[in-house]
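Student: Which chain is which? The protein sequence lines are G and L, in order.
Heads up: the first sequence begins at 1 in the numbering used here, then just goes up one per residue.
Heads up: the second sequence begins at 1 in the numbering used here, then just goes up one per residue.
Honestly, the hints are just simulated from the structure, not real lab data.
It is possible that some hints are incorrect.
Unchecked claim - Coverage of chain L stretches by chain G, computed from C-beta distances (three or more under 8 Å per stretch; other residues unrestricted):
#1 24-35
#2 178-187
#3 191-204
#4 226-232
Beta carbons are placed, not taken as given, at the ideal position from N, Cα and C, and that holds for glycine.
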Amino acid sequence: MRDFFTVLIGKTVRALAKLRGGGSAFPGLVIEKVDPGFLARALDRLPLGVVVVSGTNGKTTTSKIVVELLESTGLRVFTNSTGSNFSRGVIAALLQRVNLKGETDADIAVLELDEAHAMYFIAQVKPKYTLLLNVLRDQLDRFGEIDTTAKFLSNIAMATTDTLVVNREDPLVRAIGEKVLAEHSSVRVKQFGLSENLLKMFPSDAELHGSDGSPLGSRPSAGDADVILTEVGLQSATFEVAGAPYTTDLKLEGVYNTFNAAAALVLVRQVCGSEVETPALIDALSYVKPAFGRGERIELDGLPLELVLVKNPAGFRLALESFEPEGFATMIAINDNSADGRDISWLWDVSFESLATFGVDTVTGIRAWDMALRLEHDGVAFRAVIEPLDTALNEFRAHSQGLPRRIYCTYTAMLELRKLIAKQTKVENVW
Amino acid sequence: MTRELVVAQLYPRDMNIYGDNGNVLAVLRRAEKHGLSVRKITVNPGDKMPTDVDIVIGGGGQDSGQTRVHEDLLAKQAQLRDLAESGTPMLMICGLYQLFGHWFRTHTGEEMAGISVLDVTTSAEEKRLIGNIVTDSGLFGEIIGYENHSGQTFLGEKSTPLGRVLVGEGNNAKDDTEGARSHNVIGTYLHGSLLPKNPAITDFLISTAATRRFGEFESAVIDDALVERARESAKRRPR
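Extracted from the complex, chain G is given alone in its bound form (with noise of 0.2 Å):
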């Protein structure tokens, strides 16, 4: 009966919501005053229990991929994939699912939980498989420290029941793993990692801030990873999945996205166990597409657009080395909304030197000065510098007839550039 009740609250006050065109989590959040149980009780009866994916980078586009792939083998999967990554934003996305008597159709939950967050959440679920992507500095001025998120993020593993996937390449994950390992003998530890010649790609936090670059000694023995990268191509990529080489063709562009493939695969074979085929898995995975905003893809004037979402040193720098500058007009947008993050200094932390033969066409958004110093500062020339996004677009697309076009924009700047897009070209609406 209880159930029936915040049920019946949670959609009525959703269509109120949506009537004034409200936010997505705001019927979330007044289902967890109301019955704080809700959410558990819900997630409770899923036969599959409860995946959550969390870590600073590649969430959202990663939990894509498992969702897809899950999806693939016949599972029905609930998510919370408008990237409402908190609680609210979870109890938002059960409302629009359940029925009635507070039960979904779905075998299994797929979670993108923000790591702080992530604390209320596991207070009242369990997760039976979590999947730890990585610790990068990325909201210092939220979470004051990078081992406060490490200490977020090792809670959750301490809180799995089944099986905890770890990234073997990040030396803050990777001891999070051991942890588990060591005090909780029933929850099964995987790996995903990188071949020696990708590693230096990827370079973790500390390394990324090690002298000249250099990384911080060698990688200790980490143990066996149930999948490797070894290779990464323009739209194709190699995994090694238990010892064996896969080659595939992808729709997922840049390095990062296609390690975050290496980490759902793990994830995805966890679940399934013996089950799924591989090549069936991997074939699967080659439909999968960017997630919203993570390299999307957008046509304007007959050309494509690309929108690169950057929010952390180690994204902008693996974005610079994912994306080839040649022959792309590009823009920069950097806002510093809390959203963003306030605090730009990482920008500091990023080198923009392969942008220097090409150069800049625009620099935008709220700090596009403090971005154009930055340029200066690595020697990469910029056409123009203009605060405002929507004229910072026009002079952009006008001056960039005939290229195609890549913006690398922060969170905020993102959400505006997209709307001022889709004004002028289609653009998918997934709000």
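Following the hints, position chain L against chain G.
Tutor: Only chain L this time, still in chain G's reference frame:
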């Protein structure tokens, strides 16, 4: 032959958390504009501290980073104090600013000895002081940056504040001082990075170093239009 300055970057591996590399890069670029070249030496724990050095720059870190460099810093204490007392310009941000003082008391109540180059003491507090900050320094004009620290620092008599806080918190939540100066050593909580947007401080480090090394310094006329725009937009941002 271009005149060369030697810049030592202290503990870039462990103390680097808020874009501190930007400070070294800013010295490098600014020195070039003044017609000087720069040789950078990185000093990590276990490395020898160079004796023949013109500028020393150090950054911020987490508690774990501070612990890793602490012993090494104490081993280099005499040398760093000699360099400071003989007038070598230095810039220490956040974590190393704290360790350049007398002591740093951590959250667990442990007292970590500093190297007493600056007459300051620091205690970790519950509340982090975080946000955009603007100070008035007199000598270097307005200093603009971002602070993020749980340590609260108090000045003794032998150090003078780097600036008075106009917007933000600064050294601590009690007085309006930010940073500290003794000899030609500057300690501050500001990153952003500090030097690219505050070239008056960069010029101070370079001119002091060049005058000590070559007996003279001829300042070039540098177009700071870009810096001015970045300073203006940073100043408009909320805390």
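Student: Would you mind marking each hint as holding or not holding in the structure?
Tutor: Okay, the hints, checked on the actual structure:
no.: 1; hint: 24-35; result: holds (count 3)
no.: 2; hint: 178-187; result: violated (count 0)
no.: 3; hint: 191-204; result: holds (count 5)
no.: 4; hint: 226-232; result: holds (count 5)
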